[in-house]
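Here the protein sequences line up with chains A and B, keeping their order. Just so it is clear: in the first sequence, position 323 is 333 by the numbering used here, and no numbers are missing. Just so it is clear: in the second sequence, position 469 is 479 by the numbering used here, and no numbers are missing.
Think of the hints as simulated: they come from the structure by calculation, not from any bench. There may be inaccurate statements among the hints.
[Claimed, not checked] Quick list of in silico lysine-lysine cross-link-like pairs, DSS-like style, CA-CA up to 27 Å: (1) 137/B with 137/A; (2) 46/A with 251/B; (3) 331/A with 417/B; (4) 349/B with 137/A; (5) 219/A with 235/A; (6) 161/A with 251/B.
Protein chains: 2
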Amino acid sequence: MSSKDLGITVRKTEDLSEWYTQVVTKAQLADYSSAKGFMILMPYGFAIWESIKEHFDRRIKEIGHRNAYFPLLIPERLLKREAEHFEGFTPEVFWVTHSGNNELGERLAIRPTSETIINEAYSRWVKSWRDLPVLINVWNSVLRAEITSTKPFIRTSEFLWQEGHTVHGTEEEAEREVLTILEIYRRLVEDQIAIPVLVGKKTEREKFKGAVYTTTLEAMMPDGKAIQMGTSHHLGQNFSKPFEIKYLGKDEKEHFAWTTSWGISWRLIGALIMSHGDDKGLILPPRVAPTQVVFVPISYKESDKETILQAANHIAEGLGKESIRTYIDDREQYTPGWKYHEWEMKGVPLRVEIGPRDMQSKQITMVRRDSGTKTAVPQADAITRIVNTLDEIQESLLHKARETQAKLTTTATDMKQFAHAIETSGGFVKAFLSENNNCEDNIKQETGATVRIVPLTQSEKGKCVYCGASNSREVVFARSY
Amino acid sequence: MSSKDLGITVRKTEDLSEWYTQVVTKAQLADYSSAKGFMILMPYGFAIWESIKEHFDRRIKEIGHRNAYFPLLIPERLLKREAEHFEGFTPEVFWVTHSGNNELGERLAIRPTSETIINEAYSRWVKSWRDLPVLINVWNSVLRAEITSTKPFIRTSEFLWQEGHTVHGTEEEAEREVLTILEIYRRLVEDQIAIPVLVGKKTEREKFKGAVYTTTLEAMMPDGKAIQMGTSHHLGQNFSKPFEIKYLGKDEKEHFAWTTSWGISWRLIGALIMSHGDDKGLILPPRVAPTQVVFVPISYKESDKETILQAANHIAEGLGKESIRTYIDDREQYTPGWKYHEWEMKGVPLRVEIGPRDMQSKQITMVRRDSGTKTAVPQADAITRIVNTLDEIQESLLHKARETQAKLTTTATDMKQFAHAIETSGGFVKAFLSENNNCEDNIKQETGATVRIVPLTQSEKGKCVYCGASNSREVVFARSY
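Isolated chain A, as found in the complex (with noise of 0.2 Å):
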C-alpha cells in the first residue's frame, strides 16, 4: 500500500541492517507504530506469522496439546511470588496503575511471560493424578520495554508468539517434554524456515529467570551474529512450590508437580528474512510462503487476454488441488515489469509468466526466486514440474543457509584466537569453557561474545578458552541479536 517503486537501495553483504529495514518496510512485511518501540505486523507478514502458527499448532495438537486463554494482566504480588523469575522481568515490565480515573488498589503488570498467572490456575486444576499431565499452549502477545533502538521483529517492545505452560507427575516426563517440544522446534526452523539451528543448554547465566534449565536453538545470521530461535525451560519445582501445584498420586500421597514452559516468536520472521534475501528483497522459503507461485499472464492484445488467463486458470486449479498457494495477478493498471519486481521484492519462490509466445509454444516460463533460474515448461507437465521445483527451492535454501552457517563457524582454544574470529567474521565459536562464571563474564566483556548454547551431549571435555582449567565443557560462543 506504501509506495514500492524503489527497490532495495543498500546491498546486503555491504550493510545488512539498513537492508534489513528497507525488506521489512517495502515488501509489506510489517511497519513502525506511532506507540514508540512498538511494531505493526502488517497482512503479508501477518499470513507468514499464520503460515508458521498453523504448522507449529498442528504439531502440538497431534501429541495433546490444547490452546487457552490467560489474562493480560498481572496482579503484582502474584508476579512476585517467584522472586528470580520477578526479578529478571521487573526492569522491563509495563504497568497499569489507572483505570479511567481510578487508581488501581494493587498495581498490573502486563505480562512480560505468563508462568505466574498460569501457574496460579494450574494449583486450582491439578488435583490428582488423574489431571496430569496439563498440556497447554497459548497464542498472544507479551511486552517487555525495549530501551534500545527498535529493529522489527529482533527488538520491538510487545511481539506475538506462543507459551506452552505444562504440568508432570515426574520430573522424567518433564524433561522428556522440554526435548519433544525443543525437537518440534527444530524441525519447524529447519523443514519450514530452512535455516539451519544449533541446539543445546543455556547456562546458568543466560538461562530464563525461574527456570532448573533452558534450552535453545540458535542460528547464524550472515553477518556472523546468532540470534535465538526458541527456548524449552525445564523449570523442575520452582514453580510448582511456591504456588502450590501439588496432586494426590496414586500412592495416596501428596506429590509437587514439575513444570515446563517454551516459547517461539515473530523473531522467526526477522531471522527467515536476514538468512533468505538478497539485494532483490524477500525470499520465502515455499512451506511459509502465503503465495508460493505467482501467476503473471502478458498480453498485449486483446484477444490473447482470455485464452492466457485461462490456461493460468487451469494450471492454478491443479496446483490448489496438490495444496499449492497460487495467485494470478491480472491487475490491469500495472506492467509485468512492475509486477515482476513487486513479487521479488515479496519473495514469492516462483513466478509463471505466460505470454503469446508461450501460448504458441504450448508452455509456461517458469522463474525461479532464489537463483533467477528461467526455465521453459511444457503446460502439459506444469503441475509436476512446478511441485518438484517448490521442493527444490525449499531444499536449497536450507543447503545454502548451512553453508553459510558452516562458513561462519571456528574453533578458538585461546583466547587470541577467539578474539580475532569474533572481531573478523563473528560466527560461532567452538571453545571449551571452566565451570567458573567468572571466564564467561570476563570473555562477554572482553568480546561480547556470549555462550549461546552448551551441547546437550558432549563428545569430549578439554582446556578452558580462558582460564586453561582442563577437563571444561565445550560450549558455542557467539556475539548475538
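On the provided structure of chain A, position chain B as indicated by the hints.
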C-alpha cells in the same frame, strides 16, 4: 481438571444466572482469574472459540480480507483525536504509566478498540485509489474496565474478539461493506451457533461512539433479556478526517476516504450457553462443537474390549473422512456412567455407546444430547445415520431457539402494555417510537428497556408508544445483558 463429580445444582428455569455460572465452570469452559474482573478461557471453551474463529476467518478471507496485528498500547494523544470516540471510551480505559521504574512521558491506553491506532497507520498506507479498498481484520483481546460484577463471556474486563477495519473510496462501497459483514455475522450466528437474531440499526443513543451509524444483531435469551451478538459500524468520514486518510482519485483529486469497523467477541459463547443448555449442562450445536460425537465403549470382560474398540475406531475413522470430529473415551479409570455424565455436562451433541450386546446385534446405540433420544443403529449404517443426526440436531436447536424467541416477542401500542410486557416475561417488545430522544430516554429510565434495533427496512409508520406522535418509526425494545 477441577472436580466435576457434582452436577448442576439448580434448574435453568429457576435461576438462570446461577445455572449459567455452574455450567461455565463445571463444563470447564472458563475460570475466574486472580486478576479481578478477568477470565481464563479454558481449553474446552477455547476450542469452541477456535471453531467460531475458523469459520468466520474463512468467510472473510474468501472475499478479500486479510489479518494483521496492531500494537496493544495507544498513546493518549492518538486516542483523543476523535473526540466523541474518546469521550465514549475514556471511563473504562486501563492506563499504563510506568515501564520498569520509569514514569512514561505520555500515558498509554490499553486498547479498548483499535480505530485510532489503525486509522493512523492507514493514513500512511493509503495514497492512491490503487491502494483501496483496505480490508483488514485483527484477532486480539481488548480491555474495558468493568465496574459491575463479572459474568464469564458476558461481562469481563478483557475479552477476545475480532475487529475489522476497512477503508473505501466511496460512501456507497463503505455502506455495502457494513451490510456484507452484518450478513456474514447473521449466518455465523444462525447457521453455526443456532441462535436466531434480529438485525437492524442502533439509535443515535445506542450507536458506537464515533460512528455515523451502527448496525447490530440481537438475540433473545430464555430469561427475556436481549444480548448484542455483534456490531458493524459505518464510520463515514468521522475517522478519515481527523486521521487524514486521503487518496488521490482517478480524477487526480484528493478525497477523504470512508471507513468501517465491525466486531464479534467471545460473548457469542455466553449466548450459546444460555440459549441451548439444559439442567444437565451445556448443549453444543454440532457445527461449533469441538467434539461432535463421543464414543463410550462398554466392556465387562477383557475379551470384549478389543473388538468393541475396533468397532468404535472403524466408525470414527469413517466419520473422520466426513470431517466429523470424534473422540473415543476409552479411559480405564472412569465408569461408563461417569463418562455419560461428563459428556452431557460438556454438551457433546451425540454419544455412541457400544457394548457386548450391541456387538452381538451388530449395532450401536446413539444418544442425542438435545433430546435424550436413544436409537439402535446397524453398524453398517452408522456413518450415514450419525451424519444425518448431527444435521437434525443442528436444525432442531435453531428451531427451538426460534420458538423461544417468538414466545418472547410482543407488540405494545401504549406504555401500559409496554411496561406489562417488560415487567412480566421481558423479551422483545415491538413498538413505534418518535424521533424525539426524550421518549427513548424516558422509556429507558422508567422500564430499563432500550432500543435494541431499528429495522433496516421500515414496513410502516405508527404512533409513538411514549408520546403518541404519529409517523413514528418502528423499533424493537428489550432489557439487555
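Inset, instruction - Take the C-alpha atoms of residue 331/A and residue 417/B, compute the straight-line distance between them, and say whether it is at most 27 Å. - result: violated (48 Å)
Inset, instruction - Could you grab the alpha-carbon distance between residue 46/A and residue 251/B and see if it respects the 27 Å cut-off? - result: holds (23 Å)
Inset, instruction - Sort out whether residue 251/B lies within 27 Å of residue 161/A, counting only the CA atoms. - result: violated (31 Å)
Legend entry - Pair hint outcome, residue 219/A versus residue 235/A [Cα-Cα no greater than 27 Å]: holds (23 Å)
Inset, instruction - Take a quick look at whether residue 137/B and residue 137/A sit within 27 Å of each other, Cα to Cα. - result: violated (59 Å)
Inset, instruction - Sort out whether residue 137/A lies within 27 Å of residue 349/B, counting only the CA atoms. - result: holds (19 Å)
Going down the numbered hints, you'll see the structure goes against 1, 3, 6, while the others check out.
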